[in-house]
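For the numbering used here, add 2 to where a residue sits in the sequence shown, where the first one is 1.
If you're looking for bench data, these hints aren't it; they were derived computationally from the structure. Mixed in with the good hints, there may be bad ones.
Here are the computed lysine-lysine pairs in the BS3-like style, where the Cα-Cα straight-line distance is at most 27 Å [claimed, not checked]:
hint	residue 1	residue 2
1	K773	K619
2	K186	K236
3	K726	K693
4	K726	K838
5	K583	K619
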Amino acid sequence: MAPLDIAGLRAAVKDPTQVKTRAIDLHANAHDASHFLLIPQAVVTAGSAAEVGGLLRASAAQGVPLTFRSGGTSLSGQAVTDGVLVDVRRNFRDIEVLDDGARVRVQPGVTVRSLNARLARYGRKFGPDPASEAACTIGGVVANNSSGMNCGTLNNTYRTLESLTVVLPSGTVIDTGAVDADQKLRALEPELYEGLARLAERVRNNPGSVDRIRQQFSMKNTMGYGLNSLLDFKRPVDIMAHLIVGSEGTLGFVAETIFRTIPRLQHAAAGLLVFPDLEAANAALPALVETGAATIELMDALSLKVGQTLKGTPAVVQDLAVRDHAALLVEYSAGSAGHLAELQVNGEGILMGLGLSTPARFTGDARERGQLWQLRKGLYASVAGARPQGTTALLEDIVVPVPVLGRTCRELIRLFDKYSYGNSVIFGHAKDGNVHFMLTDGFATAEELDRYSAFTEDMVDLVLAEGGSLKAEHGTGRVMAPYVRRQYGDELYDVMRSIKRLFDPAGMLNPGVLMDEDPLAHLRHIKTAPPVAEEVDRCVSCGYCEPVCPSKDITLTPRQRIVTLRAIESARLAGDTALVKELEKDYKYESVDTCAVDGMCQTACPVDINTGSLVKKLRKSDAGPLANGAWNAAAKHWEGVTRGASLALTVVNKLPAAAIAPPNKAARAVLGADTVPLYSAELPGGGSVRKRPTPAGEVDAVYFPACVGTMFGPAGTAQDSLGKGVQYSFEQLCARAGLLLLVPEGIDGLCCGTPWSSKGMVAGQETMREKTLAALRAATRDGELPIVCDASSCTEGLRQAVESDTPAARQRPLRMVDAVDFVADRILPGLPDHRKLELLALHPTCSSSRMGLNDALGAVAGAVADRVEVPENWGCCAFAGDRGMLHPELTASATAKQAAEVADMGAAAHASCNRTCELGMTRATGAQYRHVLELLEEVTR
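Work the whole structure out from these sequences, hints included.
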């Protein structure tokens, strides 16, 4: 490979700083969800299609390979490179809904979930429905011709594509939907145009080729190029557009696409059918398909055994003595309740004749359906999460004709036994003949690689002998690139090689992906995962965490924090002290300082990792005895600390900004940005004390006002210069409802403990935990009364403290309730009719999301305003206690898109359920965010 000319790349982009070569940038971005690892020479964040064109020309001129990366959820190695890696996620996230939702124009950085959220209001959805929809992006969906559980081959990417705008390796940009697109392609790229026409004629005139293509693409198939486009379309520009689909970034860059959407069916019913064995389950498929089943998911016997270890597994599986059993999860979908009822009747009408091992039924209950899908979706997480330390999880997929699916699965199980791959569950989309299986091993020693190689050869022989495809959904990538010729034969393989030469004569786009003449290519560049921390060692680098991470557009994501730590450990084991030093130099700011430790990554992680726990551990190890001592002293004297902070804010709030900024910035320069907060004008003055007199009468709940209400005063309102805050509002709402509250003795010295846990200050955290739990035990009469807190992050912190408390004999466990939940349950039902605001902009918090509080939050907000809107680009604000004051750039990045959306809403008021999050959103939008209970109290006066 030629040496990289960084100056040439920087000249191709508007902002040269977006071409990055620091070790931490290279190693953090090197990983996708596959088991391959290559370290790029440079990482570039492209700002536009024009910049991509410039980068393509620069790459070709230098002879350096170039690879595009968007979501990085691909499983076959198609998004890794040792050349130039171009990030096309960050700046390509536009969506334009067309024809009232019937069509949509979308850029490659948009996730499938975000796209469907936009289409939902039109009663439409995107055709492909990959399981990774929360994280995979349209760029990868197009590159891999994604499908999913429901869409089959009818509504996959290829079938629902209307047009696309592609940047070819030459830099030429073609919008295939333009009226003159075919003429433009012919004029600007005559060799490509004529070459595609010749290849189409060559294939059509060869009956053997036509038959082979029709057979291969009658099922899900992402192996090699989509040669069906040579038969399905006449114009070279349309052939080109559909060849791009599934080309895995080897033919050009898709800058935007227009898709036809499909109806979003609101009604569903599901059931789990258990059969004696795989063959019986397979035999039932035609009858189930005939009843109109939308989804039929297969789980083998080992899957059912694994499922029995999962929480919430339905009794039909939990009570089963699993032997050779197999199960089908069958779901019906409909646009109306009446149609769904018809489908259910059809489905239940054939159950008696299927030879089931246990009775079955279909249910439309959301909770029961959720349990069934949790069983299916939890398989990967359970097996991958339980794999031995230091091993890699390799998830594969194949497809065979449906009639031979059961036999194929039996043979796969035989191969697992032959090669000693334990815990290799088989699951997948039975209706399509498409199953997934997972191998876990080190894939590092000669013995491990020889075993994997021999298994792969046998598996390839098995699938091809059954007339199947070696890749159904995950793309050819690097893992199956050496086997494309074997699947298609010499003639069609030569057609594919000709396609690659026509588009990319220099061979610079993603070499080694989709086709590779090296028969051992799939055994090279397999990544290792050295143990680094118990909290994250089970990470499979899937990237599901990235869309919800507030630091994703400024520093590192959870996946990147973990893989960089692994890179440091790998370098240490290899004796590369220079690399260790270089990576560690930038790791503190990029990973530790700018992590909001909000835990949102855990909500998206299939193996239940909270990367915030790792960061807290790292902060703990970084904290010296001086800082630990100071924070422990603060815990012992918290009342004085909070009142001091309140007084300071009140004083500072009255001073001109010009008088505050210079000394504040000087202090940050001397003591460090991660130590001294940066003052900003939107911060309020200090708040008031939390203490209240002991009430007379029968107490209904113990009220724990959050200490942030003491440090930060309430927001201003349109009616008066200063609102009265959430404590006053909650007390008023309870008083009107006849509910009596008791504030614990010594409340002004108590705290949930989050400030200490988030900073890794263990001694202070324990001091505060002991104080707070003792006070709550006394106030609740040993757990008799519920504890209500008025800030969601503090509720979560208190819940964690309470869960760590082991009650003594005959003691009740303490019960934590958030004030929003309490109001929704105890106060909303009795509210009289009252005026409402027209529109409320609502900001759920990371804690309200993690605790499952958002339904109650929406209910309370609905009592405040006729219309409540949560921005589509909602996410954690990253204010994170004081993190937004220590690193304001983090909050600015996390809230940028959400703030722009809020500005266009024209809301009458803005609300959240946590004071520091309200401050973060106030800073981001310039609008005063207040606790939703403050607004409820005002509109119900």
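Verification of the supplied hints:
1. K773 to K619: Satisfied, since the Cα-Cα distance of roughly 23 Å is no more than 27 Å.
2. K186 to K236: holds, 16 Å
3. K726 to K693: holds, 15 Å
4. K726 to K838: The given pair, whose Cα atoms are some 20 Å apart, holds under the 27 Å limit.
5. K583 to K619: holds, 20 Å
The structure meets every hint from the earlier list without exception.
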